[in-house]
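Visitor: As a plain string of letters, each chain reads:
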Amino acid sequence: MTDVIIIENGRHERNYWRDIWRYRELFYVLAWRDVAVRYKQTIIGAAWAVIRPFLTMLVFTVIFSRIAKLPSDGVTPYPLMVYVGTLPWTFFSTGLTDAANSMIGNSNLISKIYFPRLIVPIAAVVVAFADFLIAFALLIGMMFWYRFAPSWHVLFFPVFVAAGIAATIGPSLWITALNVKYRDFRIIVPFIVQLGLYVSPVGFSSSIVPEKWRLLYSLNPVVGVIDGFRWSLLGSDSQIYLPGMAVSFAVIIAFMWFGVRQFRATEKSFADLI
Amino acid sequence: MTAVITVENLSKRYLLGHRASNHSPDASLRDAIIRTARNAMRKTSDVVKGREVIQGDEIEEFWALKDINFEVKEGEVLGLVGRNGAGKSTLLKVLSRITEPTKGRVTLRGRVASLLEVGTGFHPELSGRENVFLNGAILGMSRVDIRKKFDEIVAFSEVEKFLDTPVKRYSSGMYVRLAFAVAAHMEPEILIVDEVLAVGDAAFQAKCMGKMSSVASENRTVLFVSHNMGAIKTLTTRSLLLQGGTITADADSETVIEKYLLTALDARAKALKAKSLESFRRGRHYDNSPASIMEINIVSASEDPDTLPEIELGSDFTIEICLDVERPILNGDLCVVLMNAQGERVTSLVASDKVSGLSLRPGEKVVKLSVKDLFLAPGRYFADVSLDPMIDGNSCDAVFDYPLLTVVNKGQVTHALNRPWGSVYCKDAKWSVSEAVENIAAVGT
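Quick note, the sequences are listed as chains A and B, same order.
Quick note: our numbering has the first sequence finishing at residue 266, numbered continuously throughout.
Quick note: our numbering has the second sequence finishing at residue 482, numbered continuously throughout.
Simulated from the structure, these hints should not be mistaken for lab results.
Take these hints with a grain of salt, some might be off.
[Said to hold, decoys possible] Cut-off 25 Å, straight-line C-alpha distance, at most; resulting in silico cross-link-like pairs (BS3-like, lysine-lysine):
1) Lys198(B) - Lys104(A)
2) Lys103(B) - Lys260(A)
3) Lys32(A) - Lys270(B)
4) Lys173(A) - Lys140(B)
5) Lys104(A) - Lys248(B)
6) Lys260(A) - Lys270(B)
7) Lys80(B) - Lys260(A)
8) Lys310(B) - Lys270(B)
Pulled out of the complex, with its shape left as it was, chain B reads as follows (with noise of 0.2 Å):
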């Protein structure tokens, strides 16, 4: 099979700006009218020499990618895994040809569409039939096979009733369905996906995953990208991790996911001694949101930031939420998701099961979810947490594969320890042999 993307050497550098603090005691006027004079004369000599004017005192390099070397052969789904900042987004634009790399070269043999965000260029006075055909030919179809599948895109996303209504009238919910529904129906040779699966509600998102898994079994080499490892688990068998702008593993999907959610562990002390959940957020982020997620804990831990959290093998614990909350929130909800080691979803907890909808005033709020009789088996534990402003609504802010916690064995069970656990232990299993009565019957008559 031949490689369909070949990436030899690739490396992307970006410029950035610093603002030297104007808030230290010893700031002087005259130190501002020197660095403003400085500013000013740089900046000249840049358009003097045509390069782009950077805004701040300092300017720094930064390597978004350095050195990226891998191929996807034809028909191959490629999975692309890594945090927040790791260089997932730009190797994607680069490779979309959106934006150019700074050294190395890619080479792509076949029709590339690339999907990294869905409704691009959806406009909000147009009805949801004028954007069908605005979307479809910003995606690289034409009149003609936008035309023929309309009415399977309109099926698809479930609006056929609205579909002379400008978009502005949508909801979220609707205006994502139709987006999709357009990107879902494109045919390239090679496509690139970013992320787009994380719209809609759960059965929509479940749609889409059965879109997606079709589109990988058409023999189309697909590139996706996603913080799902459920997603990529089921639509890859390969994947990359990138950590600050390199590949750090190439390998079996499962393999991969395993090392990524290894990284959080970093990622997770780093947070708790930043008291910032960033880097376990999305790319997008969630602006003018009425709250978001501030802390996640187990009560009665240790306050280590190094070490997670530990409790015993079949014993209850309680997660704590804190939340920050800036505008009331009336009907909410929260939902965890717990996964192993593995990616794999052992359950999700949904604060709607048990009360009629969160209600949280302004200000600092702590969530405590006491999780009884759920005994997991001994490894570790992450987290998704999301908070939606409305029961079934979209999330206001979400947090991904967040270490939780890890189940330790202190002599609960003293058998057979090198067995494989799987996700959960069972507290009370009984063995009991009896005599197989019938069958001695049946053999003395």
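Here chain A stands alone, though its shape is the one from the complex (with noise of 0.2 Å):
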């Protein structure tokens, strides 16, 4: 049997998603290369996973703890409790702004080849979480330090780190494909980055916020995120605030949905725009 391919403008593939797992190993293959050669040439290689996230706790704990006087949750330590935050919003940032370059870095195979676009920054998204994996490591080691036992409610931990692929897939997809057409988007990312880090409860615990604000507050994807990592992992002090939680999964799945609709609306005019 043989395949029957039509070009048409505006044709949607109707085999997109089979398309997708066909070229599955072309997926692999890319975020295997990004993963090897992230470190290449550097000293310190991959130990730059841990350090980041490490110092933005130190500085964070040094901050909120210190010099604000910010409470923590219960009687969690004041750093385990930004870590395990600064975990997700790395993950989350990194995603981010690599999977908004990926396709301009990735701009000689966009114009010579062809594959399912969806994979570039889905690849770049995986790059991400390996640097999310080489830093939970530590997370580990400080656990032990502090000699925290997490409770029964780590077995929702996989639920949530489910939950902070999507919430970054999404908007990723929707950032990489306006980047390609506008450019602007190269100067906006840094910038999100760079106040999402404030909005979101990385330094802080989001139980300071006042009740009122809090399921407004709680549109913010990544609050619903951070907010579920430290419920999951460091027990029963932090409370969990379920409307919250269920309006920022909501969020995260319009993203997602909107995401995905937007990159294939304009995924095929990528090689002409690049």
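Hey, can you piece these two chains together into the complex? The hints should help.
Guide: Written out as structure tokens, the structure is:
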């Protein structure tokens, strides 16, 4: 049986998702290439994946705990609480930044070969996830250091990791598509990342946000992810705010749907625009 | 036989932005402000409507392809020829699904692999071995396939010793050999190839040609673009000629090549008027090249750009090549290949045959090549001229299918003028008749 491919203007690929499955090897290879290349010709290599969140934790602990005297969640050591917040945030911001630039970085591929373009930004997110895993190893070390055992909540941890991945992929796809068309986003993305660090509960606990604002605050999808990380890893002392969590999850799903849609709508003109 | 590729009414439009001149004497600050404001408004409305943003003051539509129709049958090898900017690359990009057509429709029956460039996606930091897998995956091969063919690929590329070295340390020849080796081992049903044989040294090019003809004989459908008329002639039976985005000839390759070479005459007249040989270069640009070819002439020919220099049958001639040298060349080489109007090579003349490498200091230089005792038959002749910064290196500039001269018979030959001449004229052939003595003797006894 031979496949018949019809090329026409505006025609949506009927076999789009099957095509993605067929090109999965390219996806592995691109992700593997970026992981392999990421720390080449650096002195300390993959240690960078740990150093960035670690330094953020140090600075935030000093600023928010020592200087601003903000409370931690119950008895949780403040550095531990900040580090657990830094992990998903670093993943989100690295993923978003790398994905946004991934099309332009791979323009030689885009203009010379066909494959479902969705592979490129998602591979960039996978690379950020590899960094996340390395940084996560340090968290385990820190939990031993503070003699902190997670409760049964840890069973839900994979759910929040999945939410974190979805929260990163959705906006990333949207911004990637926009960045190909309007290069303004190359300037906007670092700005979003910089602001987001303060808008998201990375350096503090979201429980200090006044009750009446919390639902609104949860519109930031990263809030749900960070709260979920803290709740599942740090145990009963960090309370989960369910309506907020529901709002965050809804926003994550909406972004995901919107991101994929926008991406697919513009994907075919990438080679002409890049 | 069924049509494997069907193209119907295919068109592709690009929007180009032009910049109005800021240097005209009456351009005032006010004009500049008005223009900037107008552009900003236009861009904003483009963004609101979700269109692309185009830099420039005026926007022009450009149809890179206009109403293209053709079919390729299963197992057919189709050539695609045309000058720079005729739309060949755009057509290949549409067929390989890299870019979307504006109008029309393409139907492909079978697995397509396109090879628009060798070494797409090669990563300089990764080793040769890693790049084979990377490039293979990019070209749509599975890991199992690549592993199966790995030894073959490596043997073909002749870089066994350097497999674990990052490719950024490779010479450009090694790089290209490895890249082509991967590409040569794909096994799609439809193969789309653009100009990839134009890489590497002569020996490797011959090897690539061999590989390509074996692909062509395996009953696979191939769409093949080249500026190398010899390659088109050996690999394909039928060809298309593209001119300004439309197909102007669809016939057997020999006819198409002749037509294509005739278009070179117009291009030459334009090039001489514009003082630029750009339309004779290949699609890829020679960026950062130490020297470029500016003009190719026949000494003592008339200056009229519309007529080809004429030389008389049986006389010697001198080719003059003007070069603009930006950085010194120490051990360079110039190569002139002469072709007849059917695209057949007549001879090739290499500077390093006579001199031990050309050395050129920066500035405008004129290189003269006087050709003696080569007697071309009447007809038009074309030249490929390439300049190499090193002997046996890759060229830093090259001009292809440049109409060089016409050889005319001004009474040197008076008999049998309608015979097929071939490519060379023998100036001094003597006929003699003698009695077949032995035979007579044999009969006599």
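Visitor: Look at each hint and say if it fits the structure.
Guide: Now for the hints, and whether the structure bears them out:
With a C-alpha separation of about 29 Å, the suggested pairing of Lys198(B) with Lys104(A) is violated against the 25 Å cut-off. In summary, the hint linking Lys103(B) to Lys260(A) is supported, as the alpha carbons are separated by about 20 Å, within the 25 Å threshold. A hinted pair counts as satisfied when its Cα atoms are at most 25 Å apart, and Lys32(A) with Lys270(B) does not qualify at roughly 47 Å. Distance check on the hinted pair: Lys173(A) and Lys140(B) sit about 22 Å apart at the alpha-carbon level, within 25 Å; holds.
Restraint check for Lys104(A) and Lys248(B): satisfied, since their Cα atoms lie roughly 22 Å apart, inside the 25 Å limit. Taking the CA atoms of Lys260(A) and Lys270(B), the gap is near 35 Å; set against the 25 Å cutoff, the hint is violated. As the CA atoms of Lys80(B) and Lys260(A) are separated by approximately 21 Å, the hinted pair is consistent with the 25 Å bound. With a C-alpha separation of about 31 Å, the suggested pair Lys310(B) and Lys270(B) falls outside the 25 Å cut-off, and the hint is violated.
When each numbered hint is compared with the structure, violations occur for hints 1, 3, 6, 8.
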